[in-house]
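So the protein sequences, as listed, match chains A and B. Going by this note's numbering, the first residue of the first sequence is number 1, and it counts up by one from there. Going by this note's numbering, the first residue of the second sequence is number 1, and it counts up by one from there.
Treat the hints as calculated values from the structure; they're not laboratory data. Careful, some of the hints might be misleading.
What the hints assert, rightly or not - In silico SDA-like cross-links for lysine to any residue, where the CA-CA straight-line distance does not exceed 20 Å: (1) B:K200 to B:E178; (2) B:K370 to A:I260; (3) B:K370 to A:D50; (4) B:K200 to B:I435; (5) B:K486 to B:T238; (6) B:K370 to A:I324; (7) B:K218 to B:V247; (8) B:K200 to B:A255; (9) B:K218 to B:F372; (10) B:K200 to B:P491; (11) B:K218 to B:D25; (12) B:K370 to A:R205; (13) B:K200 to B:H442; (14) B:K370 to A:A316; (15) B:K370 to A:A204; (16) B:K200 to B:T225; (17) B:K200 to B:R159; (18) B:K486 to B:A255; (19) B:K370 to A:V202; (20) B:K200 to B:E232; (21) B:K200 to B:A231.
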Amino acid sequence: MNRLGRWRGALTVGVAVAAALVLGAILLAATGANPLEAAGAIVTGAFGPDGIQDTLAYAVPVAGMATALAIPLRAGLVNLGGEGQLVLGAISAVAVGLHVPGPLGLVAALVAGMLAGGLYAAAAALCETRLGVPLLVTTLLLSYPAMSLAAYLVRFPMRDQGSSLPQSAQLPPDVRLPALAGNGLTVGLFLIVAAVAVYAVVDARTPAGFEARVTGWGPRFAQYAGIDRPRTTLRLLACSGGLAGLVGAIVVLGFPYRFIDGALITPQYTWIGLLAALLAAASPLGTLVAALFFAALTSGGFAMERETQVPRELTAVLQAVLIIFLAATTGLLRRRRSAA
Amino acid sequence: MTQPAVQLTGIVKRFGELLANDHVDLTVARGEIHALMGENGAGKSTLMSILYGLLRPDAGTIALDGEPVVFDSAARAIAAGIGMVQQGFALFDSMPVVDNVIYGAEPTRRGLLDRRAATAAVSELVERHGLRLAPTDRVGDLPIGVRQQVEILKLLYRRARVLILDEPTAVLTPAETEQLFTVLRDLAADGHTVLLVTHKLHEVTAVSDTVTVLRDGKVTMTGPTSATGRAELASAMTGREVDLDRVYPAGQPGAEALTVTGLTVDGRAAGRPAVDDVSLSVRAGEIVGIAGVAGNGQTELVAAIAGLLPARGSVTVGERELSGLGVARRRAAGLAHIPEDRAEVGAAPGARLTDNLATGFHRRPPLLRKGFLRSGAMRTHAERIIERFGVRAPGPSAPMRTLSGGNQQKAILGRELTHEAPVLLVEQPTRGVDIGAVVGIHTELIAYRDAGHAVLLVSAELSEVLGLADRVLVMYEGRVVAEFPKTEADPHAIGLAMAGGAPRGVAGGTAEDSAGGAAGGVAGAAGGDEADVVGDATGHASENMAGDTAGDTTGDAAEDSGGGAA
Ligand SMILES: Nc1ncnc2c1ncn2[C@@H]1O[C@H](COP(=O)(O)OP(=O)(O)OP(=O)(O)O)[C@@H](O)[C@H]1O
Ligand SMILES: [Mg+2]
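In isolation and in its complexed conformation, chain B is listed as follows (with noise of 0.2 Å):
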């Protein structure tokens, strides 16, 4: 018998007081897929630094083919043919693939960097595995799905037999990810072992040979995936059943709560704008779930109304008109927002749980009093909202980067909840999050729309969108192209609609004018290759999304725009 490619014995990790490795064992053969799983703060990501030299465990082996092997750095371990790509990306935008690629491994001749053969090398790689890039695009101008591939790249030009994969496919679309599964699937034909972190259940089945189920620290659960259950995943995960495909009962809208009418936002390139003209209402006591394939202008939709972005067109709260605030006198009309970005927009990772959570309440009571902020009154209402939402930390002074990333979201969500606005935007509300926390999150959402408030969702997601929103809108191309009530939401009809193929007879028929304006206009447009749509609806959004360089316009757009969308 062959040696394993990877075996973890006996791995301890603590931080602190906190066990987040408890003699963990992991054997992964070569040639595997790997899928490791969790609740957010098992310690997935912990035991992958250390597998990666970032970590060094308190007690354990590592084995490499049967090598004993110890690695004081990353450095050390990718020498070894291991490779990692983080949670969240590490890449250079402004660069181009190629530089992305061998940047820390440059090849030189007499000395200088040797672009020719980088760029060979890099192309040879593409070609081999057949990844949808060139080496000489802009990173910052990929989708997050290609910028993915890109991650891959890094490690297969480093020479990795082993590629760590921590939550990957939390930023891609379906058929994103199922591009990465088949670039998966042929480095694992090829010899490749992989191991791959993911809270997503159907994507455990689809891509991975085994899978390992880590619980506090501790292995509850391995085995080979065909002959494992979804329920018995979900148990092994949190220790009790889970719904896992709730549909939750419809709310009961009241007055209207937020309008939106003909707001248009800019695109980065000229010509198409990202935002176009779209016109929305949300009512209190109602959830507007929008779908689409990432990039067709929901990121942007939602920083026009909460004011990152300059829009044209109208939005009013209540009776309030936004057009022309700026953030904070949004925020203190009624809107609350959990961004899509927890690391960079929604958090600040290197500061206290304590201040990331009074952010935003530090102008009011309790926080303040007679002008000045009380270290008490922060301190408690950071610990009411860990509380409160069961959010995992070391405590409230901990930095919130060293919470897991499951973790992080439950404690921005919390921080928005809390503020009780009439209007919350909420974007991927669980992106990352285990499939524990989702339903934990979902009912949070549920629980704030039967309060009475209204909820603009956007997700990925097209699961959870259906599971929690009376209305669903589809966006397409910065358009609202088709409207559905929660009783004539289903998958194949919205997801034809995401391909840019809404069906007049839909839109038409159940939407409010607005949204049936727009709908049968691209419904026009579109009609030439409706049939080519109606096929493979989600497959046909991927090439859209691929060849459109939108990707992913808020970060910088957001930037650029400084302060100025006041």
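Bound-form chain A, shown alone (with noise of 0.2 Å):
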């Protein structure tokens, strides 16, 4: 019956993608390039010799955040200030980086990437458990001085002096992540790597995410259950908001090894990090999926439009007719049905 009922959830899946992709298809038409053509530069493009590089490293950060995002998600918790736990774990790591020394230097960067955003992120539980303001609103409306704080440290305090932009030193050559390709693609990689699986196990096989996953169903099950609802609240949030200063801190100390202003922001890691949270209802495995497939979307539009002149907000809109589809069929948008 389990089974019966993960297949056809697999089915649905199948479908929605399929049914997006042949719409996206008449799309393509609609604006005179051939789909296939196109098609095939998006695969190509995503997962070619060369692609596969970019989507990787693309897909680091994306897959760091749907993470980050998915961990209070699970208990129902959404966490919107992503933006400015990713900036202040950079901005954090990125000072202490230029501060400390050698390989220390490094792992004190990192650390401090993660305590930064988990403090942060915290904080804005806090505001939620103490003084009783929703979290969705504590969490987005502290992202925005997180993220003016690290504009303006790159601006004054911080600034590189031999540049006019907004952006700070580099960092020194042995307070760098090891590179694995030359497009920013670092050892990073596999702290991700290591993030997803904790969350995975911890999610599946330990009380706390046991507890994460009950306060999920249903918040006065989990109450009556003895969950702790607070205490819950800062443990999932300082998890996440460290994971999402953890990513930041990952992607300033790989090239080009410096916060830059905006940086962090344009590439919507948060905002499709969060959608493939959401799309996989946190789960660790399908959120990773989700958010390797966006990735994979995303730098394969890129090159689409350079191979074909298809513009690449074409894939944008693949995405959300996509999203859409998936939504839709997964029940993500359906009302919950009343017990029988």
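Hey, can you piece these two chains together into the complex? The hints should help.
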């Protein structure tokens, strides 16, 4: 019965993806492009020998943010402040990395990123549990001062003296994550893979993960079962922000080894990550798969634009169509059925 | 001869392996109240959902007034004049009655909601059917019984001619049930056809013209109610003889296990507290039953003991003082709790049965080993509870919500009894449970008591309290107003106390000090209209109920308190 259900679930997802692709093809054809050619360009662009590196480089922060946001989402808590935590993690990592030399500096920078993001998200959690301001509001609102602070820091105290751009100085060579490719892909990849693996194990196999899921199933049931909601909220948000901060640190500890204002916001890591987590109902593996898929689609989109002159925005349309189809079929938008 | 209003022929419905409806034939005449009975999981809700277009039958036909129809959605069934109140409520608590009634079928004028027409139409219906509510009342402020009437209003507003009510009385007090039946009789006389699902034999006798019994998806009996005896119905349902009104032998109480002193819970509105200075104790090997008209503080009392509501006063389990502790600590100190609201509080409907049954056991062996949860052990744990308590489910991986209402209750009961906690708080243990299973649950509770545990039982069924409890306390307006030992508990005296007219003699004579004091006070206060009260104890109680907005405060109150209860 359960196996059947899972099989049927896979089937509906398959059908949704296929339907979205057909619709995408029609859209492409409508703009005068050859849909097959464009699709081929996306696939080679995303997974071809050159493309795969770009896909991975983009997938690392997206998957990292997706997992970070999935952690509280498992308990039904939405962290909308991913951007602030990401940026704060990144700027803290750079600040520490510029002052602590050597390999110790590298570790200290990663830890600083994690701490900054984690503490900041924990503050948002406390605003809910202590002051009663909804988490949606506190996380989102706290995001803006964090981004502004970073913007200020790289314009004034931390500014790279040799440049007119709002960016920090470059990190010294021994405070950099070893590169796997020239495009910013670093061993940070393994850190994210490890984070996803830890999340998967904690979610499925530990009491803490179980309690998060129970909270997600029903807050009143969780309270009745003795699960302390404020404490759960605080812990989950701290982990979420910590991972977001780590992602920020990993990004700035890779090429070009500095904090550039806006560089973490423009690529939409956070929002694409949130989408992936929402679509996968925060399940650890599902979130990873969805994040990789979106990353591939985005980097494939760049390739398509180069090869076929089809505007890259069409992949964004495709992405949107896909999200709507998936959401509709997986019941994300469906109202919860009342108990019988 | 006129055509039957509803005719179901050869209805078959499968859920995977499980045959929920097995060639069911059902004929309902126009203007008739037709009761549908059967054990939990017999397929009653399934059959009604098919008639209402929520489920499609695998085989069989539906005819209305002799015309064959096919419903592929509830919308089609509604258009054909069928309306259904499903098990449990589907209302928006924060909205007024009108909005709830017109939701989904709003009258419009020039494309905009025509609020005046809506209110007028709803008022007209309220008046015509003599309902006791105002269209502008907020649903959340209404007592449960009145909310039920809002559900019926919804159907009438949509011009339903066939009304399906799936266990509408499960959450009602006897007086509210009587009111509902009056409404149903009027509707039937008006030409409406009513299909009523219920587990209660006396309700079937009281209100229905015809009764049909399902067992394992098949019709085992159908016929005019007047020609059918209670015993006959019970055996058609269960396939065996059932001892209907059993009173269990008294227990042998030992040391005090649960002591509550001066417990006070603030009411929702300022002024009268929901629980007012309640003191009581339950000894090991004893069941203490709390009787009372719903909404007199029973739910809040239990929630406060369990740590779900903030309260003043002291609660001790064994030697351990619990005040100030959170739910988890209290449970660890020896409390288990079967809550009234099984769909939202007692279980997670969307989660697997395994997970529902593991909750609460997930921080200790055998489910936990070396810091990790063992899925094998979780499964075994679930299978053991399913087996021991006779939960009928497709399997341990089935989502909780696919279980029938009564089987969900058995699963929750099984989980909480398995804790072997010294003190068990149990609310409405047999609500929505079939009569065969009622006996099973009662036997379990008695066995639990006889194993030396203390049980605090809250039930709206007076017969249940009388049958099980070694001592009966009566709550009225948040206070314990009377206490009866098993030997002196007679329904009349208890009914009187429930209505606020606790006679001085009974309470003063036998009660322990604390209860006696409170009872004396109330008896004095209520003295003026005592004669009136004696005349019609339950009727009076219902009026108190209807005028009282505190009908169901636990839901919201528990949410408000959040985790702050700790
Ligand atoms: N969606 C579903 N998927 C799988 N099985 C289901 C589903 N709905 C109901 N069932 C099963 O079908 C059987 C009949 O269920 P139904 O809800 O009709 O019982 P019921 O007679 O209404 O019981 P109760 O008195 O407890 O409400 C049960 O065994 C139940 O577990
Ligand atoms: Mg049912």
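Violating hint indices (sorted, rising): The structure breaks hints 2, 3, 5, 6, 7, 8, 9, 14, 17; every other hint is satisfied.
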